[in-house]
Amino acid sequence: SQQGEEDPQALSIQEGENATMNCSYKTSINNLQWYRQNSGRGLVHLILIRSNEREKHSGRLRVTLDTSKKSSSLLITASRAADTASYFCATGSNDYKLSFGAGTTVTVRA
Amino acid sequence: NAGVTQTPKFQVLKTGQSMTLQCAQDMNHEYMSWYRQDPGMGLRLIHYSVGAGITDQGEVPNGYNVSRSTTEDFPLRLLSAAPSQTSVYFCASSWQQNTGELFFGEGSRLTVL
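Residue numbers (our numbering), protein chains in the order written: chain A, 69 to 178; chain B, 2 to 114.
If you are wondering where the hints come from, they were derived from the structure by calculation, not from laboratory data. Misleading hints may appear alongside valid ones.
The calculated label-pair distances, taken between Cβ atoms and stated as ranges, are [what the hints assert, rightly or not]:
#1 A:S107 <-> B:T87: 42 to 50 Å
#2 A:S126 <-> B:M28: 33 to 41 Å
#3 B:N66 <-> A:S80: 17 to 25 Å
#4 B:S70 <-> A:R177: 48 to 56 Å
#5 A:R177 <-> B:T21: 40 to 48 Å
#6 A:A150 <-> B:T6: 40 to 48 Å
#7 A:H125 <-> B:V13: 29 to 37 Å
#8 B:A53 <-> A:E85: 24 to 32 Å
#9 B:G4 <-> A:S126: 14 to 22 Å
#10 B:M28 <-> A:Q82: 34 to 42 Å
#11 B:T8 <-> A:H125: 35 to 43 Å
#12 B:N99 <-> A:T132: 18 to 26 Å
#13 B:W96 <-> A:T88: 25 to 33 Å
Just so we're clear, the structure is a prediction, and the values are computed from it rather than from any experiment. Beta carbons are placed, not taken as given, at the ideal position from N, Cα and C, and that holds for glycine.
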């Protein structure tokens, strides 16, 4: 069964706006990762945050992790048309299995 | 570096046929895995390997076999294809053995009639 669940399922924003999506999970983790998938392509790793970290930045991406609420958020600032993609959270535990959610589809309108 | 290479990109099978999806990586990663992606269900782990000669089951292993004779290659075998195995299959590898950053191939789209 899926460990992570993203919310919302779909998001449509204007170019230049910020996009925020959330991920909730059920059991304890040692890291949480976010991936991007462009239509018809493989997934690309964006960022990894460890369970002892609360916030991480990478370029226009900001990820937060709240282990007490078992949730994470991904913020994309100043969105561009090229950010149109599906975004997946994935949780890692000490069992060699990275578990993915169903994803959030983001559409950035010009 | 080519990264993770999957072949074929597209395949149509009839029910009961067998086939092998190939996956090769040139990054000397110990960890390799196979996922399937179905609409609305995200990615589900089929099998994984933490090194040559070592494989284990993921979330949805039934109907699939794997082997890992070399570090580079991790083929996925469907012994008797069923329509329920219609999906997009992704191979991924990692330099870390335990839930590190995954590098994905471009996917293999399989249709079973």
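| request: With 33 to 41 Å as the target window, see if S126 of chain A and M28 of chain B comply at their CB atoms. | output: 21 Å, violated
| Are A150 of chain A and T6 of chain B spaced within 40 to 48 Å by their CB atoms? | 25 Å, violated
| Distance restraint hint 29 to 37 Å, applied to the beta-carbon atoms of H125 of chain A and V13 of chain B | The hint (29 to 37 Å, Cβ to Cβ) is violated, given that H125 of chain A and V13 of chain B are roughly 45 Å apart.
| Range hint 48 to 56 Å (beta carbons of S70 of chain B and R177 of chain A) holds or violated | 49 Å, holds
| Measuring from beta carbon to beta carbon, are S107 of chain A and T87 of chain B in 42 to 50 Å? | Roughly 19 Å apart at Cβ, these two residues miss the hinted range, so it is violated.
| message | For the hint 35 to 43 Å, verify it against the beta carbon of T8 of chain B and that of H125 of chain A. | response | 37 Å, holds
| task | Confirm or reject the claim that W96 of chain B and T88 of chain A have a C-beta distance inside 25 to 33 Å. | result | 31 Å, holds
| query | Cβ-Cβ distance between A53 of chain B and E85 of chain A: within 24 to 32 Å? | reply | 48 Å, violated
| field | Assessment of proposed distance window 34 to 42 Å (beta carbons of M28 of chain B, Q82 of chain A) | value | Cβ of M28 of chain B to Cβ of Q82 of chain A: about 38 Å, so the range 34 to 42 Å holds.
| At the C-beta level, are G4 of chain B and S126 of chain A separated by a distance inside 14 to 22 Å? | Between G4 of chain B and S126 of chain A, where Cβ atoms are some 20 Å apart, the hint holds.
| task | State, for the Cβ atoms of N99 of chain B and T132 of chain A, whether the hinted interval 18 to 26 Å holds or is violated. | result | 23 Å, holds
| In this structure, is the beta-carbon distance linking N66 of chain B and S80 of chain A contained in 17 to 25 Å? | 42 Å, violated
The structure fails to meet hints 1, 2, 3, 6, 7 and 8 from the earlier list, while all remaining hints are met.
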